[in-house]
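Modelling step: build the complete structure from the supplied sequences, incorporating the hints.
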Amino acid sequence: MNIKPLADRVLVLPAPAEEKTVGGIIIPDTAKEKPLQGEVIAVGNGTKDEEMVLKVGDQVLYGKYSGNEIEFEGKKYLIMRQNDVLAVLG
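When the count follows our numbering, it moves up by one through the sequence shown with no breaks and lands on 90 for the last residue.
Rather than coming from a laboratory, the hints here were simulated on the basis of the structure. Honestly, I wouldn't trust all of these hints.
[Unchecked claim] 30 angstroms max Cα-Cα, derived DSBU-like pairs, lysine-lysine: (1) LYS64 to LYS4; (2) LYS55 to LYS4; (3) LYS64 to LYS48; (4) LYS75 to LYS4; (5) LYS76 to LYS4; (6) LYS75 to LYS64; (7) LYS48 to LYS4; (8) LYS55 to LYS75; (9) LYS64 to LYS76; (10) LYS55 to LYS76.
Here it is in structure tokens:
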């Protein structure tokens with residue numbers, strides 16, 4: 001991975017949206033709800049006031065409007081502050 005988050009930021013790969021059908025009609029991607037969980041791909045070093053507690057490989061839950069979406073090598077990621085993460089699944 002060539003992206004290294006700075007300070008208290010983490011890079012998250014969102015889980016794929018679930019495929020839903022309604023009465024045989026497939027819901028398009030634009031109407032699907034975004035997933036609220038994903039895997040931590042890279043982490044920053046933290047700050048002097050807040051140490052980094054997340055680590056690469058953690059499965060996390062985050063808020064619906066958390067982070068900024070970026071695209072890198074054809075994949076969509078979210079980059080967000082550590083305090084935007086609500087919980088670690090485990």
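Which of the stated hints cannot be reconciled with the structure, identified by number in ascending sequence?
-> Checked against the structure, no hint fails, so every one of them is satisfied.
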